[in-house]
Each structure stands twice: as C-alpha cells, then as structure tokens.
Amino acid sequence: MKKFNVIKPITGSFFAFAYFGLFVMSVLFYILIPDFIFLVLLLGTCASFLYFSYKLLFQKVTISSQGVKYKTPFTSYELIWKDIKAVGVADFSFLASRASWIYFSEQDKRIDNISGMKTAPAFIMMNYREPVISEIKKYWHGEIYY
Numbered sequence: 205m206k207k208f209n210v211i212k213p214i215t216g217s218f219f220a221f222a223y224f225g226l227f228v229m230s231v232l233f234y235i236l237i238p239d240f241i242f243l244v245l246l247l248g249t250c251a252s253f254l255y256f257s258y259k260l261l262f263q264k265v266t267i268s269s270q271g272v273k274y275k276t277p278f279t280s281y282e283l284i285w286k287d288i289k290a291v292g293v294a295d296f297s298f299l300a301s302r303a304s305w306i307y308f309s310e311q312d313k314r315i316d317n318i319s320g321m322k323t324a325p326a327f328i329m330m331n332y333r334e335p336v337i338s339e340i341k342k343y344w345h346g347e348i349y350y
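Going by this note's numbering, the first residue of the sequence shown is number 205, and it counts up by one from there.
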C-alpha cells in the first residue's frame, strides 16, 4: 500500500514559488499605486495559492491490494480492483501545455484526453509518475492503456 499526492510535489513547489513572487509583486503594486485592479490581482493570487496548496497537501490517492482510494478532507471515493475496468495514461491539455495523467475507471473504454473531467465515485485520476505505475502493476493484472 502506498499513498501518493494527486499532483506531483515538484509541480506544487513550482506553483508555490511562482505564486509567492506574484503575491509580492501584487503587494508592491498595491502599496505604490493603491488601485482596485491591483487589489483584485492580490486577492486572485491569494485564492490561486490556496487552491494549489489544497491540491498539493490534502488530495491523496492510496493504491493498495483492496483497490484505489481518493481522499480529501471533504470527499472520499474508493474503487475496488474487481470493479475497475480500465487503467490508463491520458493527456490533460490546458492552453498550450500538456501533461500525462493516470486514470482508473469503472467504464471499459480507453480515454485519450481527460481535459474537463473530474474525479468522481467511478473515476479517479492523478498526475503520471513512474513509481505510481510500478505500484499499480503489483495489483492490476490487466492492460494499462497508453
């Protein structure tokens, strides 16, 4: 049994560093030029930072011999291995960037792009990492769609 963050820790660290710089810049702009637009920028930066902190710190996926469990402070979904019909790696496209995500689904179909999809009781997804694939192969004996 292993527990993984939904997003990669390095991704979360990058966003934390970037948002800290944006936060400092927003504070300086608001102090130097107290304008409403800079207040909105400051509040938006704080909200985005809180969102990514939540994603990094509190969204976990546990892979064990029983199945796959998605847990946050507010929700918990669990897929048992016998109920899982598809495991795969799909692209998640956002603007010009693209990242690979691992998904577990109760539907028996291959998914190529998971943009716009959300984790739900019958569908769990997380950032692609090789250690996650190694852990999945311990318990999943079917095909992993690439």
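Calculated from the structure, these hints are not laboratory results.
Here the structure is a predicted model, which is why all the values come from computation and not from measurement.
A portion of the hints provided could be inaccurate.
[What the hints assert, rightly or not] 25 Å max Cα-Cα, derived DMTMM-like pairs, lysine to aspartate or glutamate: (1) 341 to 282; (2) 259 to 334; (3) 264 to 239; (4) 322 to 310; (5) 275 to 310; (6) 264 to 316; (7) 313 to 287; (8) 289 to 347; (9) 212 to 239; (10) 259 to 316; (11) 264 to 347; (12) 273 to 339; (13) 313 to 239; (14) 289 to 316; (15) 273 to 239; (16) 264 to 334; (17) 286 to 239; (18) 275 to 339; (19) 212 to 316; (20) 259 to 347; (21) 289 to 339; (22) 206 to 310; (23) 275 to 334; (24) 273 to 295; (25) 207 to 339; (26) 275 to 239; (27) 275 to 287; (28) 322 to 295; (29) 207 to 334; (30) 206 to 347; (31) 206 to 287; (32) 289 to 239.
Verification of the supplied hints:
no., hint, in the structure
1, 341 to 282, "holds, 18 Å"
2, 259 to 334, "holds, 20 Å"
3, 264 to 239, "violated, 39 Å"
4, 322 to 310, "holds, 14 Å"
5, 275 to 310, "holds, 18 Å"
6, 264 to 316, "holds, 23 Å"
7, 313 to 287, "holds, 14 Å"
8, 289 to 347, "holds, 10 Å"
9, 212 to 239, "violated, 36 Å"
10, 259 to 316, "holds, 23 Å"
11, 264 to 347, "holds, 24 Å"
12, 273 to 339, "holds, 13 Å"
13, 313 to 239, "violated, 52 Å"
14, 289 to 316, "holds, 16 Å"
15, 273 to 239, "violated, 46 Å"
16, 264 to 334, "holds, 17 Å"
17, 286 to 239, "violated, 57 Å"
18, 275 to 339, "holds, 18 Å"
19, 212 to 316, "holds, 20 Å"
20, 259 to 347, "violated, 29 Å"
21, 289 to 339, "holds, 17 Å"
22, 206 to 310, "holds, 21 Å"
23, 275 to 334, "holds, 21 Å"
24, 273 to 295, "holds, 21 Å"
25, 207 to 339, "holds, 10 Å"
26, 275 to 239, "violated, 41 Å"
27, 275 to 287, "holds, 18 Å"
28, 322 to 295, "holds, 14 Å"
29, 207 to 334, "holds, 14 Å"
30, 206 to 347, "holds, 21 Å"
31, 206 to 287, "holds, 20 Å"
32, 289 to 239, "violated, 54 Å"
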